[in-house]
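Produce the complete structure using the sequences and hints provided.
There are 2 protein chains.
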Amino acid sequence: MSSEARGAGHVSGVPLPALPPTLADVAERAGVSRQTVSNALNNPDLLRADTLARVRQAIAEMGYSPNRAARNLRTRTSSLIGLRFGPAQEGTANATMDRFVHSLVEASELAGYHVLLFPGDDDDEAVTGYDNLLRSTAVDAFVITDTYLGNPQAAWLTRQRAPFVAFGRPWHDHTARHPWVDVDGAAGTRLATEHLLAQGHTRIAWIGWRKDNPIGEDRRSGWFNAMHDQGLSTTGLASRVEDTINSGAEAAAVLLDESEPTAFVCASDTLAMGVLHTLWIRQLAPGTDIAVVGFDDSQVAQVFPVGLTSVRQPLEDVAVEIVRVLGSLLNHQPVQERGVLLTPTLVVRESSGVADPAERTAT
Amino acid sequence: MSSEARGAGHVSGVPLPALPPTLADVAERAGVSRQTVSNALNNPDLLRADTLARVRQAIAEMGYSPNRAARNLRTRTSSLIGLRFGPAQEGTANATMDRFVHSLVEASELAGYHVLLFPGDDDDEAVTGYDNLLRSTAVDAFVITDTYLGNPQAAWLTRQRAPFVAFGRPWHDHTARHPWVDVDGAAGTRLATEHLLAQGHTRIAWIGWRKDNPIGEDRRSGWFNAMHDQGLSTTGLASRVEDTINSGAEAAAVLLDESEPTAFVCASDTLAMGVLHTLWIRQLAPGTDIAVVGFDDSQVAQVFPVGLTSVRQPLEDVAVEIVRVLGSLLNHQPVQERGVLLTPTLVVRESSGVADPAERTAT
DNA sequence: GGCGACACTTGGAACGATCAACAGGGGGGT
DNA sequence: ACCCCCCTGTTGATCGTTCCAAGTGTCGCC
Numbered sequence: 001m002s003s004e005a006r007g008a009g010h011v012s013g014v015p016l017p018a019l020p021p022t023l024a025d026v027a028e029r030a031g032v033s034r035q036t037v038s039n040a041l042n043n044p045d046l047l048r049a050d051t052l053a054r055v056r057q058a059i060a061e062m063g064y065s066p067n068r069a070a071r072n073l074r075t076r077t078s079s080l081i082g083l084r085f086g087p088a089q090e091g092t093a094n095a096t097m098d099r100f101v102h103s104l105v106e107a108s109e110l111a112g113y114h115v116l117l118f119p120g121d122d123d124d125e126a127v128t129g130y131d132n133l134l135r136s137t138a139v140d141a142f143v144i145t146d147t148y149l150g151n152p153q154a155a156w157l158t159r160q161r162a163p164f165v166a167f168g169r170p171w172h173d174h175t176a177r178h179p180w181v182d183v184d185g186a187a188g189t190r191l192a193t194e195h196l197l198a199q200g201h202t203r204i205a206w207i208g209w210r211k212d213n214p215i216g217e218d219r220r221s222g223w224f225n226a227m228h229d230q231g232l233s234t235t236g237l238a239s240r241v242e243d244t245i246n247s248g249a250e251a252a253a254v255l256l257d258e259s260e261p262t263a264f265v266c267a268s269d270t271l272a273m274g275v276l277h278t279l280w281i282r283q284l285a286p287g288t289d290i291a292v293v294g295f296d297d298s299q300v301a302q303v304f305p306v307g308l309t310s311v312r313q314p315l316e317d318v319a320v321e322i323v324r325v326l327g328s329l330l331n332h333q334p335v336q337e338r339g340v341l342l343t344p345t346l347v348v349r350e351s352s353g354v355a356d357p358a359e360r361t362a363t
Numbered sequence: 001m002s003s004e005a006r007g008a009g010h011v012s013g014v015p016l017p018a019l020p021p022t023l024a025d026v027a028e029r030a031g032v033s034r035q036t037v038s039n040a041l042n043n044p045d046l047l048r049a050d051t052l053a054r055v056r057q058a059i060a061e062m063g064y065s066p067n068r069a070a071r072n073l074r075t076r077t078s079s080l081i082g083l084r085f086g087p088a089q090e091g092t093a094n095a096t097m098d099r100f101v102h103s104l105v106e107a108s109e110l111a112g113y114h115v116l117l118f119p120g121d122d123d124d125e126a127v128t129g130y131d132n133l134l135r136s137t138a139v140d141a142f143v144i145t146d147t148y149l150g151n152p153q154a155a156w157l158t159r160q161r162a163p164f165v166a167f168g169r170p171w172h173d174h175t176a177r178h179p180w181v182d183v184d185g186a187a188g189t190r191l192a193t194e195h196l197l198a199q200g201h202t203r204i205a206w207i208g209w210r211k212d213n214p215i216g217e218d219r220r221s222g223w224f225n226a227m228h229d230q231g232l233s234t235t236g237l238a239s240r241v242e243d244t245i246n247s248g249a250e251a252a253a254v255l256l257d258e259s260e261p262t263a264f265v266c267a268s269d270t271l272a273m274g275v276l277h278t279l280w281i282r283q284l285a286p287g288t289d290i291a292v293v294g295f296d297d298s299q300v301a302q303v304f305p306v307g308l309t310s311v312r313q314p315l316e317d318v319a320v321e322i323v324r325v326l327g328s329l330l331n332h333q334p335v336q337e338r339g340v341l342l343t344p345t346l347v348v349r350e351s352s353g354v355a356d357p358a359e360r361t362a363t
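These protein sequence lines are chains X and G, in that order. Note that the working numbering has the first sequence beginning at 1, numbered continuously upward. Note that the working numbering has the second sequence beginning at 1, numbered continuously upward.
Heads up, some of the hints might be wrong.
On the chain G side, residues computed to face chain X include the following (Cβ under 7 Å) [what the hints assert, rightly or not]:
hint, residue
1, Asn67
2, His277
3, Val303
Quick caveat, the hints were computed from the structure, so don't treat them as lab data. Since we're looking at a predicted model, the values are computed, not measured. Note that the Cβ used here is the ideal one computed from N, Cα and C, for glycine as well.
And the structure:
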């Protein structure tokens, strides 16, 4: 084992002693005072180069790492970001949350934060969770993920002056003043539609969610505007249904019978799976006879034998943005933008009719 | 708003003051000393009933909650359980991890713990993560989830005397002495096989993973033994492939051609999806012509038009067991069992040939 | 009435870090 | 030669809780 000084990522080969070393221990070994060691960690610029090196060596030799609790107590921070991890959404093909959490964990780590999960099946439980964590100063900030109509969580957190960033726009609440990060769904469906237009399709159908869902209407507008920009009619080419495979399959059947579209853009991969199902039943080849594009790039889309072309949300970027805004918030720096809107990409696979797309990505 | 005293779940309607109340504030209001308030929280038995009530009322009125950092510092605990949240496994139909994390979060909450996520793409990064969290006393214990052959994480944690519980048996390391909780995969596939046998199938094929995967071999043994218990031959009925849809589809095609099975038991839903694909191509109706059973009860299984019968791991129970063992470990109580093995259930859907199963569950 | 046992309560110290304020040394300007 | 200030590093106090050992009151018993 080398004895050279290493940085924060140091991993000692020896077992942890019963009581880990403290700042004072390191100070004594390095022949300096506690505060100097503290400065070596938090304000290295204040130290002379040789002193800094000496302290760092002592830190490395002893395998010292600052006690979290003590630091938290003194600085009134925790370096923890709270995230409600509600009940698993079984029964849908959507694993967006999973991917997002991964991205958030990584982005947080880079910014020196960790992610703390807490349960909460409904709004009341969620608020109780927020309240407990806030009162006990267990977390520095929150990330909230569902910003559906009238969600009381954002309003409650705002009232408590708790720092938080939302993944998702405050669709119905124009008075909301909290920072948010979201993905431009309309841009995604426009991308999908233009991808199909570029291949000569003119009768491109839409299968989306019910009208009261603002996210669904947003995605729909991308298809709608892309069509009309080309002077193409959308009459009879749109359907609004529940987000289930069966609904998607039925809607596709009806549209095929009544309007003879050559391509489908869907508000979700779940609906797109329904379309694929109908195509199979009718012996129509996805990609060759009829093109299909989904939304979310779910596991099903990736894994299916006929790869499903799908709009992919840049969740990694979303997480990075959220952490960035959170950082500004916590350092009392002004947050320039109220909201950040990111553009998704299109993952092209066989179902949209491009021969051997080899997982191409269009932007 | 009522002014009656409420318990720990109290949610105040008023915004949080700039500085939350402390133990001393509550003590002053209740006309007692700090220690008495502390006892009211941690050792209520020590207080006279009327004093306890008075203190509790003050706590409720002020919306007091003990400062986490101070408590952690003093007691050298954090009430946090560390869980590595590695890279998302895209490209498989498996969302087991997601469901497990949810269960763990809920079970932890009930036991007074929270779950802390940290990244780590490979073993080295994971160990670095463990090391940092341990040295800074940021977590009380760990839960580790992948116990594949030669995983150095368990050995490292053992060497550091860090409390941890593994989800998964230490398959290859018989010297391992750490506690673990796992699901009996063989029992699951036996359940699946016997379910098919009960419906008159005798030529039941197996599609599993490569031989070097002990989990796959375990699951295979359940099918194998169930068949032989009935005096049925398994010759030519087994296939070992990669865990992809395409591999499953190819294996199914070969088996159908060469051995004419009437049912398939698969080591994963991913492979089962492949089987379904081959059936579609060959115009064979799943459930009616050929029965199929998967493993993991993934979203795909639940969501597919032809519901996929699948073995479901009792992840909720796994989480509860893990937290229980963790609790014993942290309270220095002896842990009776080295390992806990839980039995999965079978979720019956259309693909196994039962008419209108209506999501029945067999145990 | 006094004494001891018991039950409950109290003030002081400690956990380990950071904040605030200050001490000594050296260099530059007047 | 003097003053001042910057640079570097030190000391005492503090965050809010729990542990420790001693204090106070009440009660029963002789």
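Now for the hints, and whether the structure bears them out:
1. Asn67: 6 Å, holds
2. His277: Hint on His277(G): holds, closest Cβ of chain X at ~5 Å, below 7 Å.
3. Val303: 5 Å, holds
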